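We have chain A; now place chain B onto it with these hints.
Now for the letters of each chain:
Protein chains: 2
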Amino acid sequence: MSDMTSNADAPRSPGRPRSVRADEAIVEAALDLLAEGSTIEALSIEAIAARAGVGKATIYRRWAGKEALLLDALRRLKGVMAQPEGHSVRDDLILLVGAIGRNVDPRASKIMPCLVPEVNRSPDHFRLYQNIIAPRRQLMREVLRRGIDEGLIRADIDLEVTMALLTGPMLIQRVLRWNPELDEQTLPEQVVDTVLAGIQAR
Amino acid sequence: MSDMTSNADAPRSPGRPRSVRADEAIVEAALDLLAEGSTIEALSIEAIAARAGVGKATIYRRWAGKEALLLDALRRLKGVMAQPEGHSVRDDLILLVGAIGRNVDPRASKIMPCLVPEVNRSPDHFRLYQNIIAPRRQLMREVLRRGIDEGLIRADIDLEVTMALLTGPMLIQRVLRWNPELDEQTLPEQVVDTVLAGIQAR
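Protein chains in written order, with UniProt numbering: chain A, 1 to 202; chain B, 1 to 202.
One chain only, chain A, in its complex shape (with noise of 0.2 angstroms):
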């Protein structure tokens, strides 16, 4: 899979090849039929490329099959990954947190939560969920790791909890709402000097 269909601030003009245009519809279906209420289980190759007024063997052009496509069509949904500058460790921790849960596409809302069942019950599914993810735990992995050669943090945390506590609080306010007393605009800031101050080196 190229970065093509991951990067949604790709522009749009006439001039772009047929592919590219035939591609873009075939994620933009597969989103289209998931925001309808449609579950992966149920969601069908035929019935993607018939909204998306392709053939089959176009899909299968260009994906191995529906596992394949939906990785793309959900990363789409997130949009770009936030890219920490590499300065300042709580500088580039409050970009990180700011980003979770912001999706770019107004479709995700519908889609996303619907999502926790299936992917609970399938483990193809989770390995799926998990693969959006993953990426971005990993560059907040690399922050933290960076924050302790740079003797701020203690070496001695447990990286996967601190990051529990970074992305948590954040993903449940802009998925849930889960507080109405929170500030969203703060939150990220308020959630990283609180953890640093419980990890930081003595």
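Rather than coming from a laboratory, the hints here were simulated on the basis of the structure. Quick caveat: nothing in here was measured; it's all calculated off a predicted structure. Among the hints, a few may not be true.
Per the computed footprint, the stretches of chain B lying under chain A, defined by three or more beta-carbons under 8 angstroms from a beta-carbon of chain A, are [as the list claims (entries may be wrong)]:
(1) 60-72
(2) 75-89
(3) 130-143
(4) 196-202
Calculated pairs, DSS-like style, for lysine-lysine (alpha carbon to alpha carbon, straight line, at most 27 angstroms) [stated by the list, open to error]:
(5) B:Lys56 x B:Lys66
(6) B:Lys110 x A:Lys110
(7) A:Lys110 x A:Lys78
(8) B:Lys56 x B:Lys78
(9) B:Lys110 x B:Lys66
(10) B:Lys56 x A:Lys110
(11) A:Lys66 x A:Lys56
(12) A:Lys110 x B:Lys78
(13) B:Lys110 x A:Lys78
(14) B:Lys110 x B:Lys78
(15) B:Lys66 x B:Lys78
(16) A:Lys78 x A:Lys56
(17) A:Lys66 x A:Lys110
(18) B:Lys56 x A:Lys66
(19) A:Lys66 x A:Lys78
Using C-beta positions, here's what the derived DEER-type ranges look like [said to hold, decoys possible]:
(20) B:Ser122 x A:Asn131: 30 to 40 angstroms
(21) A:Ala68 x B:Gly37: 21 to 31 angstroms
(22) B:Arg102 x A:Arg21: 43 to 53 angstroms
(23) B:Glu184 x A:Gln138: 18 to 28 angstroms
(24) A:Gly86 x B:Ser122: 40 to 50 angstroms
Idealized CB from N, CA, C, for every residue including glycine.
This is chain B only, laid out in the frame that chain A set:
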């Protein structure tokens, strides 16, 4: 609303009064319909009555309407609230964090995530969702206030942010299985200790 309908541990016995059996059948019918994929919006008192084998009047004698019935039904899904012992702030927080996202009823994993898009669209449903989780948040807030009173926790912390830090990691792990590297057994203690280290009085 009495505590009876919220008590998932209540023993069933053939000797219970008919009205209690009817209440239970009604709540069960509502949960079954939701678990089978009905949206809150599409769920009707008619459908619940038909599934429960009672008349609509029986439902309206007990609940003012669909929202009140659903509040009881969804609370039942979550079982009895954990009760802090009131001795150690750390132990009480570990108890409350350990109870987050632990649903006694297997239908919950099918029902709860799919409510999210509905909850975000409708102010009524958002109020319903907040009515379910607010008492649990309040329990945690009281334990944190006790920690402040006892001089363990800094008085200037943001209580709502602290609660999000305590709740978020466990909720994303239990509901989304966010990170396969995390151990759900040790997570509550790890989360509480890291957060307490970040908010402890100097």
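Going down the list of hints, with the structure as the test:
Counting residues of the region 60-72 of chain B whose beta carbon lies closer than 8 angstroms to any beta carbon of chain A gives 0, which falls below the threshold of three, so the coverage claim is violated. Figure legend: the region 75-89 of chain B, annotated as covered by chain A; annotation inconsistent (0 residues with Cβ-Cβ distances under 8 angstroms, at least 3 required). Counting residues of the region 130-143 of chain B whose CB falls under 8 angstroms from any CB of chain A gives 3; the rule of at least 3 is met. Residues of the region 196-202 of chain B lying with their CB closer than 8 angstroms to a CB of chain A number 4, which satisfies the three-residue condition for coverage.
The suggested pairing of Lys56 (chain B) with Lys66 (chain B) holds, with an alpha-carbon distance near 11 angstroms, which does not exceed 27 angstroms. Straight-line distance between C-alpha atoms of Lys110 (chain B) and Lys110 (chain A) comes to about 15 angstroms, which keeps the hinted pair within the 27 angstroms bound. With a CA separation close to 13 angstroms, the supplied pair Lys110 (chain A) and Lys78 (chain A) stays within the 27 angstroms bound. At most 27 angstroms may separate the alpha-carbon atoms for a hinted pair to count; Lys56 (chain B) and Lys78 (chain B) meet this at roughly 26 angstroms.
Between Lys110 (chain B) and Lys66 (chain B) the alpha-carbon distance is near 20 angstroms, which keeps this suggested pair within the 27 angstroms criterion. For the hint linking Lys56 (chain B) to Lys110 (chain A), the alpha-carbon distance of about 32 angstroms lies beyond 27 angstroms, and the restraint is violated. Proximity of Lys66 (chain A) to Lys56 (chain A) is assessed by CA-CA distance (about 11 angstroms); at most 27 angstroms being required, the pair is judged to hold. With a C-alpha separation of about 24 angstroms, the suggested pairing of Lys110 (chain A) with Lys78 (chain B) holds against the 27 angstroms cut-off.
Straight-line distance between C-alpha atoms of Lys110 (chain B) and Lys78 (chain A) comes to about 24 angstroms, which keeps the hinted pair within the 27 angstroms bound. Using a Cα cut-off of 27 angstroms, the hinted pair Lys110 (chain B) and Lys78 (chain B) holds, with the two alpha carbons roughly 13 angstroms apart. Distance check on the hinted pair: Lys66 (chain B) and Lys78 (chain B) sit about 19 angstroms apart at the alpha-carbon level, within 27 angstroms; holds. Of the supplied pair hints, the one linking Lys78 (chain A) and Lys56 (chain A) holds, its CA atoms being roughly 26 angstroms apart against a limit of 27 angstroms.
Simply put, Lys66 (chain A) and Lys110 (chain A) have alpha-carbon atoms about 20 angstroms apart, close enough for the 27 angstroms limit, and the pair holds. Proximity of Lys56 (chain B) to Lys66 (chain A) is assessed by CA-CA distance (about 45 angstroms); at most 27 angstroms being required, the pair is judged violated. For the proposed pair Lys66 (chain A) and Lys78 (chain A), the alpha carbon gap of about 19 angstroms is at most 27 angstroms, so the pair holds. For Ser122 (chain B) paired with Asn131 (chain A), a C-beta distance near 33 angstroms keeps the hint of 30 to 40 angstroms intact.
Remark: the range hint 21 to 31 angstroms for Ala68 (chain A) to Gly37 (chain B) is upheld by a beta-carbon distance near 27 angstroms. Our hint of 43 to 53 angstroms for Arg102 (chain B) and Arg21 (chain A) holds, since their Cβ atoms are close to 48 angstroms apart. For the pair Glu184 (chain B) and Gln138 (chain A), the supplied restraint of 18 to 28 angstroms holds, since their beta-carbon distance comes to about 22 angstroms. Between Gly86 (chain A) and Ser122 (chain B) the Cβ separation comes to about 43 angstroms, which falls inside the hinted range of 40 to 50 angstroms.
Of the hints listed earlier, those the structure fails to meet are numbers 1, 2, 10, 18, in rising order.
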